[in-house]
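Novice: Quick note, the sequences are listed as chains A and B, same order. For what it's worth, the working numbering labels the leading residue of the first sequence as 1, then goes sequentially. For what it's worth, the working numbering labels the leading residue of the second sequence as 159, then goes sequentially.
The hints are simulated quantities; they were obtained by calculation from the structure and are not laboratory data. Cβ coordinates follow ideal geometry from the N, Cα and C atoms, glycine included. A portion of the hints provided could be inaccurate.
Computed spacing ranges between beta-carbons, pair by pair [what the hints assert, rightly or not]: (1) A:117 x B:486: 55 to 61 Å; (2) B:169 x A:112: 46 to 52 Å; (3) B:342 x A:26: 27 to 33 Å; (4) A:24 x B:464: 40 to 46 Å; (5) A:44 x B:486: 30 to 36 Å; (6) A:32 x B:523: 30 to 36 Å; (7) B:169 x A:28: 43 to 49 Å.
Chain B side only, calculated, beta carbon under 10 Å to chain A, not exhaustive [as the list claims (entries may be wrong)]: (8) 501; (9) 504; (10) 509.
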Amino acid sequence: MTQTDGFDDLRDLYQEVILDHGRRPRFATRLQAFDATAKGDNPMCGDRVQVWVKFDNDAIGRVGFEARGCAISIASADLMAETVQGRDKTDTRALFEAFRQMARTGSCPACDDALAEPIERLTPLAGVHEYPSRVKCATLPWHALIAALDGAKEASSE
Amino acid sequence: MNVERIRQDFPILTQTIRGKPLVFLDSAASAQKPRAVIDAMVHAMDTQYANIHRGLHWMSERTTEAYESTRDAVAALMNARDRSEIIFTRNSTEALNLMAHSYGRGVMKRGQAVLISGMEHHSNIVPWQLLRDAHGIELRVAPITDSGELDMAAYEALLEDGKVGLVAITHMSNVLGSIVPAERVVRIAHEHGAKVLFDGSQAIVHRKVDVQALDCDFYAWTGHKLYGPTGIGVLWGRRELLERMPPFLGGGDMISSVTYEQSTWAAVPHKFEAGTPAILEGIGLKAAIDYVQAIGYDVMAAHEAALTEHALARLAKVPGLRVLGQAQDRGGVISFALDKAHAHDVATLLDRQGIAVRAGHHCAEPLMHRFNLDSTARASFGIYTTHDEVDALADGLTRVREFFA
Numbered sequence: 001m002t003q004t005d006g007f008d009d010l011r012d013l014y015q016e017v018i019l020d021h022g023r024r025p026r027f028a029t030r031l032q033a034f035d036a037t038a039k040g041d042n043p044m045c046g047d048r049v050q051v052w053v054k055f056d057n058d059a060i061g062r063v064g065f066e067a068r069g070c071a072i073s074i075a076s077a078d079l080m081a082e083t084v085q086g087r088d089k090t091d092t093r094a095l096f097e098a099f100r101q102m103a104r105t106g107s108c109p110a111c112d113d114a115l116a117e118p119i120e121r122l123t124p125l126a127g128v129h130e131y132p133s134r135v136k137c138a139t140l141p142w143h144a145l146i147a148a149l150d151g152a153k154e155a156s157s158e
Numbered sequence: 159m160n161v162e163r164i165r166q167d168f169p170i171l172t173q174t175i176r177g178k179p180l181v182f183l184d185s186a187a188s189a190q191k192p193r194a195v196i197d198a199m200v201h202a203m204d205t206q207y208a209n210i211h212r213g214l215h216w217m218s219e220r221t222t223e224a225y226e227s228t229r230d231a232v233a234a235l236m237n238a239r240d241r242s243e244i245i246f247t248r249n250s251t252e253a254l255n256l257m258a259h260s261y262g263r264g265v266m267k268r269g270q271a272v273l274i275s276g277m278e279h280h281s282n283i284v285p286w287q288l289l290r291d292a293h294g295i296e297l298r299v300a301p302i303t304d305s306g307e308l309d310m311a312a313y314e315a316l317l318e319d320g321k322v323g324l325v326a327i328t329h330m331s332n333v334l335g336s337i338v339p340a341e342r343v344v345r346i347a348h349e350h351g352a353k354v355l356f357d358g359s360q361a362i363v364h365r366k367v368d369v370q371a372l373d374c375d376f377y378a379w380t381g382h383k384l385y386g387p388t389g390i391g392v393l394w395g396r397r398e399l400l401e402r403m404p405p406f407l408g409g410g411d412m413i414s415s416v417t418y419e420q421s422t423w424a425a426v427p428h429k430f431e432a433g434t435p436a437i438l439e440g441i442g443l444k445a446a447i448d449y450v451q452a453i454g455y456d457v458m459a460a461h462e463a464a465l466t467e468h469a470l471a472r473l474a475k476v477p478g479l480r481v482l483g484q485a486q487d488r489g490g491v492i493s494f495a496l497d498k499a500h501a502h503d504v505a506t507l508l509d510r511q512g513i514a515v516r517a518g519h520h521c522a523e524p525l526m527h528r529f530n531l532d533s534t535a536r537a538s539f540g541i542y543t544t545h546d547e548v549d550a551l552a553d554g555l556t557r558v559r560e561f562f563a
């Protein structure tokens with residue numbers, strides 16, 4: 001990652017990992033075989049996401065998504081799909097709460113050791129806390145995922 | 159016009175954002191306030207503040223005078239025949255809702271239609287949907303062309319059957335900047351027996367509005383876009399029509415007498431002004447109107463035309479940028495989309511460079527869909543906007559495009 005290309009003022013929020021996952025998401029696909037699916041909708045800005053989940057016993061086997069929105073929402077959906085793979089539902093919910101706190105405040109002091117590794121992977125998104133109106137961009141795919149785990153069709157708004 | 163001189167009247171413009179000079183290009187959402195407006199409101203609170211229209215004491219009399227002098231200033235600004243034709247509301251939205259309620263339910267008949275255009279703000283769509291659903295009024299939409307102008311042939315065709323009782327239409331689009339040919343719109347509507355209400359929220363900032371020359375029937379606008387405070391808006395209407403309309407909100411100030419059996423209404427405009435109004439905001443609005451009048455609409459319009467021409471030329475050179483709408487007659491509001499970046503990312507990355515623009519659907523979702531977009535970024539200009547700021551926008555957008563490439 002070059003830090004001397006003249007974009008330093010732009011990069012604190014849009015780190016390379018966000019640009020990369022925003023441009024070339026790995027999990028942006030509709031799963032053909034899935035156990036749960038839910039949509040998330042942010043009427044304030046028009047962002048939309050749908051998440052599909054395939055379970056592997058108690059754990060999340062695979063997550064796929066389709067999203068229409070900004071780079072932050074797409075990167076967040078992609079990092080989420082990557083990070084929750086192999087985690088059980090309880091872990092995933094705990095990770096969502098930790099991520100939500102990080103998106104709102106910039107850090108997660110309460111995150112224990114079990115969450116340290118996955119939260120580290122999501123840390124590039126922590127910069128959104130400076131922009132309260134953009135926090136929802138990062139958390140919308142998570143709301144859709146949790147709704148799918150709950151058996152709901154739509155994520156309820158924050 | 160000496161822009162540097164004008165900028166000195168706006169204390170906020172000396173701010174830096176993230177260490178960079180503030181480039182404020184979001185005046186169409188709400189304009190910044192000159193010192194004169196700020197001082198007028200503070201002075202009223204410092205020296206004479208009291209409730210109006212009821213006290214017999216010195217303070218109330220002075221404050222009533224100050225507040226009511228705003229009505230005279232608005233009447234002069236719009237060239238109304240009579241000051242009683244000026245109704246104060248909270249904002250344009252409330253003025254339009256007043257119209258849907260008092261004119262829509264009180265004067266229009268079931269089976270009649272309201273005609274809006276394809277480039278309305280939600281505030282000039284939703285009140286008419288509520289009226290349609292509650293009162294059996296049809297809602298018609300006159301389409302716009304690909305260049306973002308009102309389709310005049312389609313507009314006239316929708317009036318042909320004579321069912322349209324009211325045309326409720328923007329005078330200037332908050333997204334495209336397009337200015338509608340207001341005199342023609344009115345003439346055609348009147349030929350088919352329809353009254354005309356303009357949503358002038360944007361237009362009054364950019365053009366001299368003379369309601370007698372326009373020959374329209376109602377005109378709504380809001381103070382905070384015209385360099386005045388939030389919380390005060392205006393509905394102008396022809397007196398004979400206002401007198402036929404029932405009240406909107408009930409309460410104090412709007413009555414002539416009240417018994418438990420029945421109440422009678424105050425004369426216009428007070429019939430439509432229930433409750434303690436936005437007194438300080440009204441006083442601030444007078445200062446804003448005086449400020450604008452002192453500069454003059456001709457001067458403001460020329461400044462804005464030069465800025466808009468410069469901006470369109472600069473934006474045309476930003477790779478991958480598409481401007482929405484190419485209306486011949488337009489004001490200083492420009493919406494655009496970048497091919498590589500979502501509008502929200504564009505707005506945030508401009509903000510990192512100290513440049514404030516709006517991004518989203520601009521409260522005009524149907525218009526966004528008309529152009530197959532969910533959202534755009536929008537730059538809008540005020541009397542304090544400089545050519546250098548337009549250059550900063552174009553340079554900033556070029557950087558954003560490179561950053562996302």
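Novice: Name the hints, by number, that the structure is in violation of.
Specialist: Those not satisfied come down to hint 3.
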